[in-house]
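Chain A is already provided as a structure; the job is to place chain B on it using the hints.
Going down the list, the protein sequences come from chains A and B. Per our numbering, numbering of the first sequence is gapless, rising by one per residue and ending at 378. Per our numbering, numbering of the second sequence is gapless, rising by one per residue and ending at 979.
Hints should not be assumed to be uniformly reliable.
Straight line, CA to CA, 30 Å or less: simulated BS3-like cross-link-like pairs of lysine-lysine [said to hold, decoys possible]:
(1) B:K671 <-> A:K375
(2) B:K934 <-> A:K376
(3) B:K945 <-> B:K917
Distance ranges between label pairs, derived from CB positions [unchecked claim]:
(4) B:R956 <-> A:F332: 28 to 34 Å
(5) A:D31 <-> B:P793: 44 to 50 Å
(6) A:P198 <-> B:K693: 48 to 54 Å
(7) A:E39 <-> B:P966: 37 to 43 Å
(8) A:P198 <-> B:E765: 47 to 53 Å
(9) A:R87 <-> B:E907: 52 to 58 Å
(10) B:K955 <-> A:G358: 54 to 60 Å
(11) A:G358 <-> B:P888: 29 to 35 Å
(12) B:P888 <-> A:G351: 57 to 63 Å
(13) B:E709 <-> A:G358: 54 to 60 Å
For the record, the hints were derived by calculation from the structure and aren't laboratory data. From the three backbone atoms N, C-alpha and C, an ideal C-beta is built for every residue, glycine too.
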Amino acid sequence: MINTDKGIYIHIPFCASKCAYCDFVSYAGMDSLVDSYFEALFRQIELFPYDGAVNTVYFGGGTPSYVDACLIAEALEKTAKRFTLGRDCEISLEANPNSLSPEKLKVYKAAGINRISMGAQSMDNDILRLIGRAHRRNDIIRAAEDVQKAGFSNFNLDLMFSLPCQTAEDFEDTLKAAVDLGAPHISCYSLTLEENTPIYRLYEDGTYSQDDEADRQMYHMALEILASHGLKRYEISNFALPGMECRHNTDCWDFCSYAGFGAAACSFLGNARLETTGDIGEYIRTFAEGTGEWDAASVLYEETAGELAEDYIMLALRKASGLDEADFSARFGEDFREKYQDIINETVSEGLAEEERGFYRLTDLGFDFAGYVTKKFL
Amino acid sequence: MGIKQELTRNFSIIAHIDHGKSTLADRLIESTGMLSKREMVEQVLDKMDIERERGITIKLQAVRLIYKAKDGKEYFLNLIDTPGHVDFTYEVSRSLAACEGAVLIVDATQGIQAQTMANVYLAVDNDLEIVPVINKIDLPSADPDMAVREIEDYIGLPAQDAPRISAKEGINIDQVLEAIVTKIPHPEDNTDKPLRALVFDSVYDPYLGVICSIRVRDGAIKAGDRITFMAGGKQFDVDQVGVFTDRLMPVAKLESGDVGYFTASIKDVGDTRVGDTVTLATHPAEEPLPGYKEVRPMVYCGIYPADGSRYEDLKEDLAKLKLNDAALSYEPETSAALGFGFRCGFLGLLHLEVTMQRLDREFDMDVITTFPSVVYKVIKTDGSVVEVDNPANLPGPSEINYMEEPYVDASIMTPEEYVGSVMDLCQKRRGEYVTMEYIENRVLLKYVMPLNEIIYDFFDSLKSRTKGYASLDYELKEYRRSELVKLDIYINGDIVDALSFIVFSDNAYPRGRSIAQKLKENIPRQLFEIPIQAAIGGKIIARETVKALRKDVIAKCYGGDVSRKKKLLEKQKEGKKRMRQIGTVSIPQEAFTAVLKLDDD
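For reference, chain A alone in the conformation it holds in the complex (with noise of 0.2 Å):
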């Protein structure tokens, strides 16, 4: 392993209910295998073969925050107990406004979590209902103060743009309303449309459409809004006070390895990846004998030196501080100048990237087009 600095995800399947837009492996109504889902997932961190010093624990979903606090401690008390947590463990949530609750948070803050990341989306009532959330704008407002009342002072609040129906005047004010709340940090993405939701097929017969000039208008005034805040970006879609930056999400893009337990969860052991099974069922059954191995219900994927390199350059581009080459060279034995001299000197001439002491990084004009620079590393 390269790298010491381990990151633990714990994937955390259930949900009250489905929204429009989502493709992940999270399920509603299916709250009868909560205790069982559990009990395979602690028998899974168990199993895990290497004990070490971890730096953040990222509970993700679904909606963490959907299942009893109680076993969200627990899960958290097998990893303390599996691995070392650092005495600055970054230990983060994911929230629905909605099944927030003082008394949860109480149970989270005294199991040692730290912070609270929250999906409220948009503060607009209307656009929430069209996108399936369950909560409203009050149930933001006072969610967000709930946690903050609870202690947490480090929380995120996911904002959607390029939704069904909104203009960049609902945005803005989206925008301002979470700012308001005094969020130290905002990740904020346009709406993806992903095959097999509802959403999309609303798209594809034409009821919505988006709109790639809206779009950019409304990633610009975030930046701009969020800016004057404070509130600086550090990846495409995230941006915080200085210090405030997800250390979780900032090592997988700085290439850290990290270790993902439950059904559906990824992890990066420094050259392979490993896929756990979605399929809560086949999860739980794995695990319910507890014997086996760790990744008896996963996917291995050995990478090549060739792969990394193209996935290292991918999440190293979304960062603000760019691709450190020195860093690249160190761990693939090559030159990045030197290797990539003409796709270098392409994105600089058009525009998208720039080149300083060291770092190669996009632009602000670059930043719109990651996808298009990433791939001609590919």
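For chain B alone, kept in the frame of chain A given last:
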């Protein structure tokens, strides 16, 4: 009169597409017991996948059946299959010329169609005895009496006692066999005359060379004979003669009245043209059999490998197709936009389409085709005449006195309720109305039309205006003087030679606009704005703009989706590989295909 001739019947089956020709052929083969049911593939006569899928027969073939009739005698029935489409009219006529009779299938649910009529006329031209058969009587919507009335009224054949059958269900197949024996005359016995055999098909086989399907009219042919193709002029030594059962079955000789094949180590199907007459080199006939015609391509287009590096593969594939398809012609051409490819000639649009499908299916060859073009005659100012099948070869305007384009006689059969719409379509496509004839609740429309308009998406428009019910048949009529212009397409200021085409001048504006629009829809946005222009001789007549790309970015990417997001990017990049570079603009393959499918109105 030889006893053998008396016990032989040579016949074809004529029908409209989908009226059950192949199914009836199967039943006849089954009923005569020549093949066991186990050996029967679903459609014995249709050899190729495409034929089966499209429900038509492209390469013709014959089969010999042995039938014990009610009179107690055993008959040889030679069934000669005919191709089922308008592009192959000539081949059909040669197959019919090899017969004394034809079984005419009329669908009891649909009645007579344009193509049925066309084939009946061909059969009548060849003096064939026509045996009508009413098929699909098992269907709930069947109206056999209607079919009988139509045959009597519009073809003028008595059909009261026509067998009413269901080929699919195997009902009354024996009646068809009896009708063949009793109604179709036996071949004449001209064994004592010098050999004359009609070539009605030829197929290349890697072991035997070309297998020539023949009908012996006069004399006899056997292995060892030295023969001459009277039109083609080449001579060969016969290796083998035989008849068609479920395989090639060698026999000692074929004589007057027989249908069979011979092989003579012939390497090129081009030497064995359909319609040619085979005679003995040592003892030649004085006159060839009538009706030979050199088939010439009517439609041309450029064919380029989608992946430019596969040019050599494409060359080999075309050579292989050509082995079995004498009507296909091709020669190398280059395009600034598409690189190295071939200019290919076809009998018609279907022939073109079938060839594309064969390239795809048999050789896994993905190609880009350019606008199909007819053969124009350019009368130059110096009085010379050049034939132009490629817009790139059109002489400059100052060298052209005037131009001529081919016109066809088009017959369209349509249900009554669509007549207005069909006439409107024909009118829009510069059709000149000739006649209209009511057949029950259908109408047979005759127009004289420029072929140029027919190869331009006409068939699809016709089908869509008639919910698929109309049928079309056409035949080359003549060349007529016409006002034609060359339309060029510029993308980002660069002319794209592969998109140029010749068009009737009044249609240039709408076509130019429509193509510019189609290209706009199919060229993905790039970092800069891309103007698309249609021009006649440098004068811009239409313009569209592909707006600049505003973003190309994956909204979010976390630890769980690294692999997925990268795959997404790789897929997008893969799509990019299939693009053609015109200057600084990448044009996807689909853009070239999309402009070929223009909506008419």
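Going down the list of hints, with the structure as the test:
Annotation: proposed proximity of K671 of chain B to K375 of chain A is violated, straight-line Cα distance about 57 Å (limit 30 Å). Simply put, K934 of chain B and K376 of chain A have alpha-carbon atoms about 19 Å apart, close enough for the 30 Å limit, and the pair holds. Distance restraint check for K945 of chain B and K917 of chain B: the Cα-Cα separation of roughly 45 Å exceeds the 30 Å cut-off, and the hinted pair is therefore not satisfied. Checked against the hint of 28 to 34 Å, the C-beta distance between R956 of chain B and F332 of chain A comes to roughly 30 Å, which is consistent with it.
Checked against the hint of 44 to 50 Å, the pair D31 of chain A and P793 of chain B fails, with Cβ atoms roughly 59 Å apart. Taken as a hint, the range 48 to 54 Å holds for the pair P198 of chain A and K693 of chain B, whose Cβ atoms sit roughly 50 Å apart. In this structure, E39 of chain A and P966 of chain B break the distance hint of 37 to 43 Å, their C-beta atoms being roughly 52 Å apart. For the hinted restraint 47 to 53 Å between P198 of chain A and E765 of chain B, the CB-CB distance of approximately 59 Å leaves it violated.
A hinted range of 52 to 58 Å holds for the C-beta pair R87 of chain A and E907 of chain B, which are about 56 Å apart. At roughly 33 Å, the beta carbons of K955 of chain B and G358 of chain A sit outside the given window of 54 to 60 Å. In this structure the hint that G358 of chain A and P888 of chain B lie 29 to 35 Å apart at CB is violated, the actual value being about 59 Å. Take P888 of chain B and G351 of chain A: their Cβ atoms lie about 40 Å apart, and the range 57 to 63 Å is violated.
Take E709 of chain B and G358 of chain A: their Cβ atoms lie about 57 Å apart, and the range 54 to 60 Å holds.
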